Amino acid sequence: MLKTPEASSSGLARSALSSLPRRAGIGFKPQHFEELSERGSRTGFLEVHAENYMGAGGPALAQLERLRRDYPLSLHGVALSIGGEGPLNLEHLTRLRILLERFQPSAFSEHLAWSSHGPYYFNDLLPVAYDGPTLDRVCEHVDLAQNTLGRRLLLENPSTYLQFSESSIDEVAFISEVARRTGCGLLLDVNNVAVSCANHGRDPFAYLDAFPVACVGEIHLAGYAEEHDTLGAPLRIDAHGSPVEPDVWALFRHILNRTGPIATLIEWDNDVPDLATLLAEAKKADACLAGSGNGCRAA
Amino acid sequence: MTASHQSLLAAALLGPDLTIPGLKTWNGSDPVQRFNVYRNNVVHSLVEALRAKFPVVEHLVGRTFFGAMAQHFVRSAPPKSVIMARYGDEFPDFVASYAPAGPLAYLADVARLEAARVRAYHAADARALGPADFETIPPHALADLVLTLHPTVRLIRSAHAIYALWAAHQGELEIGDVDPAVPQDVLVVRPAGEVLVASLPQGAAEILECLASGAQLGAALMASGTPGLEAIPVFRMLVMLGAFCALSLPGEIE
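Residue numbers (the numbering used here), protein chains in the order written: chain A, 48 to 346; chain B, 1037 to 1290.
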């Protein structure tokens, strides 16, 4: 039933997925501002959460203005709630448009998840059911977002801890169909693949082999935490608070065979280490991207 | 998923006793344990956001007490904005009504000071006036000046020594030397990159409030309640702190 992704005829869909360099980058944390700004080009690109830069002014925006002179920038939204039942928050969409116009980032990405319901925002990426009505709604939301923002967005595959009995579509097929219908690009979070596949008893290599790599404009790598469910099976948590795990490096090498070199972010949002540690992780990713494999095999 | 299902999930995220239909796990393990990962993520991330915004309040009451108080707040008032820097602006009012914190009468005002710092951090940028900006004003016209408060200015007037409590937690004062019962007016302002917190002398808050309402400088100095000449150094201090961003004389074309 579901076709493989193909370019839509609209100009928006034909525009580039991202103009990020095909190198490793890191998530920007304010405590690293001095080191990153003193000497440019410490890493391939910087990614920030869009919602942290929505004040009227102040040092946060000034830092971003300074950094974008030396680094390609990726804006990563965490609050658009594309998977939400309700309509998209137009006020938030406008804020995003203003931010994108101001900073002209090389990529903009969001999540296949919901984070708002009714008047409330939950500050977490919550799972959607994979069924026909949800697919239609997600596509409507992506269409509206792309039309309002005037650019293609990269939609990120989620990490999930449970499933819904309504779900009738495989996750990769669901994501592929959103990309095919809307022309959006995809952000392939390899850590999320490792987390979700372990949590649902699936083969992560088969997941990657089915993933529509032609749509992928960026990859995310991060560390996960591992607990156990009530039957003792692994329950992985998308914690972003530790180095990338060996099995995620292996999955990364595997997908690079299909994608070739591609912008790859090291995400580390909790218990943030010093810049040198982040850059060392990025260097491992760069080694994989360069195809030398040494840094990667050592990981 | 029907419209009601995401509503049930949303309610269950903040209601630990609610059951959720329609969950499934691949191996038949308990789906509620897995749903609890989301519950924990939501509550934990919001409590952490409050810890980050109110570090002195947390230090004053301790980590455990703060965690319990913040969880009450999170469950009663989840965020309504997706901009997390705004979350907790109502936390000081909650603290004021939180019975277990009742004996700490100063706590809500300390929270107000900390919320004001975050608002000032993200408020609009503007060049602050300095003493040099007043040198071109003829002395006889000074009393007629109308001043615009800097957009980052926040004034907190408290019946408690909230500046001293705050400063003690920055290592600037000994906490043992602080008498919380002394009233203090505090100015929060970000004239350049950094947010400043200053304890104001008597009369300064009245001058600021008066100028904020559009009064001329002469009238504002009168309103300070301090004898005329003594109000001038108070006003000068406000200028030095960067409390104003524009001045005009009535009748001037702006």
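Note that these hints are calculated values from the structure, not bench results. Here the structure is a predicted model, which means the values were calculated and not measured. C-beta atoms are modelled at their ideal positions from N, C-alpha and C, and glycine is treated no differently. Treat the hints with care, since some could be wrong.
As the list claims (entries may be wrong) - Here are some, though not all, of the chain B residues that point toward chain A, as calculated from beta-carbon distances under 8 Å:
| hint | residue |
| --- | --- |
| 1 | S1043 |
| 2 | V1078 |
| 3 | R1111 |
| 4 | S1112 |
| 5 | P1115 |
| 6 | G1229 |
| 7 | C1246 |
| 8 | S1249 |
| 9 | G1250 |
Cross-check of the supplied hints:
The interface hint given for B:S1043 holds, since its Cβ lies 7 Å from the closest Cβ of chain A, which is under the 8 Å cut-off. The closest approach between the C-beta of B:V1078 and any C-beta of chain A is roughly 5 Å, which is under the 8 Å cut-off, so the hint is satisfied. At its closest, the beta carbon of B:R1111 sits 11 Å from a beta carbon of chain A; the interface hint therefore is violated under the 8 Å criterion. With a cut of 8 Å, the hint placing B:S1112 at the interface with chain A is violated, because the nearest CB-to-CB distance is about 12 Å.
Residue-level restraint check for B:P1115 holds (minimum Cβ-Cβ distance to chain A is 4 Å; threshold 8 Å). Look at B:G1229: its Cβ gets to within about 5 Å of chain A, closer than 8 Å, so that hint holds up. Because the beta carbon of B:C1246 sits about 25 Å from the nearest beta carbon in chain A, more than 8 Å, this interface hint is broken. Look at B:S1249: its Cβ only gets to about 22 Å from chain A, farther than 8 Å, so that hint breaks.
Among the interface hints, the one on B:G1250 is violated; its C-beta lies about 22 Å from the nearest C-beta in chain A, farther than the 8 Å criterion.
In this structure, the hints that do not hold are numbers 3, 4, 7, 8 and 9, in rising order.
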